[in-house]
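Based on the hints, put chain B in the right spot on chain A.
Chains as they are written, first to last, in the working numbering: chain A, 1 to 567; chain B, 1 to 202.
Rather than coming from a laboratory, the hints here were simulated on the basis of the structure.
Any given hint could turn out to be false.
Stated by the list, open to error - Reference listing, derived: stretches of chain A covered by chain B, where coverage requires no fewer than 3 residues with Cβ under 8 Å from a Cβ of chain B: (1) 26-36; (2) 116-123; (3) 157-169.
What the hints assert, rightly or not - The calculated label-pair distances, taken between Cβ atoms and stated as ranges, are: (4) 3/B - 426/A: 25 to 31 Å; (5) 6/A - 164/B: 50 to 56 Å; (6) 103/B - 486/A: 28 to 34 Å; (7) 417/A - 5/B: 22 to 28 Å; (8) 164/B - 198/A: 37 to 43 Å; (9) 20/B - 407/A: 23 to 29 Å; (10) 279/A - 20/B: 41 to 47 Å; (11) 20/B - 518/A: 43 to 49 Å; (12) 165/B - 83/A: 52 to 58 Å; (13) 90/B - 307/A: 35 to 41 Å; (14) 10/A - 3/B: 47 to 53 Å; (15) 455/A - 86/B: 38 to 44 Å; (16) 5/B - 196/A: 54 to 60 Å; (17) 103/B - 90/A: 43 to 49 Å.
To be verified - Derived pair list, reagent style EDC-like, types lysine to aspartate or glutamate, alpha-carbon separation capped at 20 Å: (18) 200/B - 205/A; (19) 202/B - 205/A; (20) 150/B - 53/A; (21) 207/A - 50/B.
Beta carbons: idealized from backbone N, C-alpha and C, even for Gly.
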Amino acid sequence: MWQITIVLLIYLPLVLIAGRYLYKVTMKEKMWGDGFFNRVESIIYKLSAIKQEEMTGKQYIFSLLFSNAVMIAIGYFILRIQSSLFLNPNDIGNMETTLSFNTIISFMTNTNLQHYSGESGLSYLSQMLVIIFMMFTSAASGYAVCMAFCRRLIAKTDVLGNFYVDFVRVITRILLPLSFVVSLFLVSQGVPQTFKENITLTTIEHKQQDIAFGPIAAMESIKHLGTNGGGFNGANSSTPFENPTVLSNIVEILSMMLLPGACVVALGLMITYRKNRNHKALIGKQGTSIFIAMSVIFLIGIAVVYASESAGNPEIHAIGIDDSTGNMEGKETRFGIAQSSLFTAATTAFTTGTVNNMHDTLTPLGGLVPLFNMMLNVVFGGKGVGLMNMMMYVLLTIFIACLMIGRTPQFLGKKIEAKEMKLIALCILIHPTIILGFSALAVTTAGGVAGITNPGAHGLSQVLYEFASSSANNGSGFEGLADNSTFWNVTTGLAMFFGRYTSIVLQIAIASLLAKKLVHNESIGTLNTTNATFTVFLVAIVLVVGALTFLPSIALGPITEFLQLNS
Amino acid sequence: MKKIFSQIKAAFLTSVVMMIICGLIYPFAVTGVSQLVFHDKANGSLIKIDGKVVGSKLIGQTFENPAHFISRVSSVNYNVYEKNDPNYAGVSSGNFNYAPSNPELTKRMNDSVNEFLKNNPTVSKKDIPADLITSSGSGLDPHISIPSAKIQIDRIATASHLSKEEVQNIIKEATSKKVFGVLGEDKMNVLEANMLIDKKMK
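Extracted from the complex, chain A is given alone in its bound form (with noise of 0.2 Å):
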């Protein structure tokens, strides 16, 4: 428990400062650095042909998506080719149409869902030029986006920031430097960064062994820094090549919560600051109310976790053996149940969906936690897009508010209309859809069922995990699930798609709506929205409306499996 609130502890004061840099690249206020990274920024901008002009809220969104279009095809092309380009000393072969299909769909969205093993399924080259690249890109997509979404609540016009430039900048500014730095640390601890091929030895007992080698690092901090989660390797991050000790577990832990908590960290200081620059402050108040929000729930999320997995199996306690350490199965001993909890709590709050231990295998509860996180989709999220889902509810919560008390519901001065709640509730509406519906396809089809490899409870389970996993854009996986099937790669494909880019385009259509507003003085009469009370009503109906929507399927799968296992 002492090394999970270490790590805590370390991580507030990082994500003041990185939060602090980034409304400073957001705002484009002067900064360290300047001069250098303007050259390099202003050569790829007369390389790329961007033209530097203010865009309203449609054209933001419009080369959003015209960009990832791009790239999506330019990615698909060299899946499809991999084997006869160069880098390939493992001589892997070409990708099959719907597996290439899901993984350019699942990287470009910053899902990172994997149906192939890295080993035996990519490339060096395309390890680099598909999966790294794409892990910069999607991550810095999702984080342009966010900041046009955060500008708009507190602009009063709905023509400003240019896509180009946000996605230019977060890449140059933030995402490269910090990739590199992270890198470095990741092989002082054993991670291989090399393009040798991969080697068989002969053990000390005379047998062969074969151990698969490439670019890992370079891959593992962009990984993790762009909460995107895909492994080199199948195993992902519980293979020792891609975290080593229990300090590259801890750096990987950190770096995944950096810049998701960055985000609520900026978009607060960028409230405080709309009126006075001058002003001292860390966070902020509305930030700070956000942010205590989102942590209360990944808190309570870490301690059912550890309590879970440290209780152990009862399956195997009555095996007689002595299981006091916990339930250990498909975990690393050198990371224990206390660094497994932690980084299952983290990278489903914080949608990376990069694993050190197999999920599977997690005791119900302790795997009800993950589920659960992926489903809200709020806590903290991924690459930006958690504080914009996260902003659905305060604007939700609001509304409720307002209601409840009589009271004209406004933001920032904005009111919240209409037209905004029609869209505000179709936001939050999509994601359920989505999983449920595409669950409950998969359980009525054949080639649903097919991959459901564990009996019972847990069959469901692994279904619901694999669309949750895939509407929130986190990627990881109750791993058993034989997903390498038609069925499989196209559903989710679908699923990581409109759970990505309707609920993209609906936020942005939604800031646009809040930035063309008037904007009231407050008074009295407002709502209060960055106390105590305004907290603890945001966390209720996240969970209120959470626990409503996901309640009778959780019902079904961990809570059955675990009432089983119990009895």
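Here is chain B on its own, set in the frame of chain A:
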């Protein structure tokens, strides 16, 4: 029309430029620096005996010699195989992914427990640490816990003709403690311990 064309042009060029920066320049730069500064680690922390690679410090192996420590259960058998084994499916990593309620899990564990008891007649069932009998997440876990190492002392001492104290000392030597006394877990590197045993037996 002209507007759409310039949109597509910007989207395409930005993609290509970023592909070159993030997909080529960045990984090559990381490779260059790490190969220079952390040469051994960047190449997989390989362990050599007389110039021949016998394993990696970070990747576990299976051991069957009774004089060696055994590793945890692995779904991929640590990518270790007999030469020309037709059943070997190629290098991979992963887990059985058995749910806690899956009867296959208890069956597999019971089999492992029985085999362990057969090979270690001095051990009583209730003392076998569960982590030795459970499978690791990656199937490549290079470590076992200290209780899992200690429970093998009797068997190893008998088979290797080393004294129990010597085996105990080997465990100590191959053990790495929690970092700063709190982070991570105490653990023993199985391959390193087995190499120490081989050295003592010579």
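Hints, one by one, checked against the model:
1. 26-36: violated (count 0)
2. 116-123: With 3 residues close enough to chain B, the hint holds.
3. 157-169: Three-residue rule met by the segment 157-169 of chain A, so holds; n is 3.
4. 3/B - 426/A: 25 to 31 Å: With a Cβ separation near 29 Å, residue 3/B and residue 426/A satisfy 25 to 31 Å, so the hint holds.
5. 6/A - 164/B: 50 to 56 Å: This hint is violated: roughly 37 Å between Cβ atoms.
6. 103/B - 486/A: 28 to 34 Å: Hint holds: Cβ distance 30 Å, inside 28 to 34 Å.
7. 417/A - 5/B: 22 to 28 Å: violated (38 Å)
8. 164/B - 198/A: 37 to 43 Å: Once the Cβ atoms are compared, 40 Å apart, the range 37 to 43 Å for residue 198/A and residue 164/B holds.
9. 20/B - 407/A: 23 to 29 Å: This hint is violated: roughly 54 Å between Cβ atoms.
10. 279/A - 20/B: 41 to 47 Å: holds (42 Å)
11. 20/B - 518/A: 43 to 49 Å: For residue 20/B and residue 518/A the Cβ distance comes to about 46 Å; the hint holds.
12. 165/B - 83/A: 52 to 58 Å: Holds, since residue 165/B and residue 83/A (Cβ atoms, about 56 Å apart) stay within the stated range.
13. 90/B - 307/A: 35 to 41 Å: Between residue 90/B and residue 307/A, where Cβ atoms are some 39 Å apart, the hint holds.
14. 10/A - 3/B: 47 to 53 Å: holds (49 Å)
15. 455/A - 86/B: 38 to 44 Å: About 31 Å separates the Cβ atoms of residue 455/A and residue 86/B, which means 38 to 44 Å is violated.
16. 5/B - 196/A: 54 to 60 Å: violated (44 Å)
17. 103/B - 90/A: 43 to 49 Å: violated (37 Å)
18. 200/B - 205/A: holds (16 Å)
19. 202/B - 205/A: Status holds; Cα separation ~15 Å.
20. 150/B - 53/A: violated (68 Å)
21. 207/A - 50/B: holds (17 Å)
Consistency with the previously given hints fails for numbers 1, 5, 7, 9, 15, 16, 17, 20, ordered from lowest to highest.
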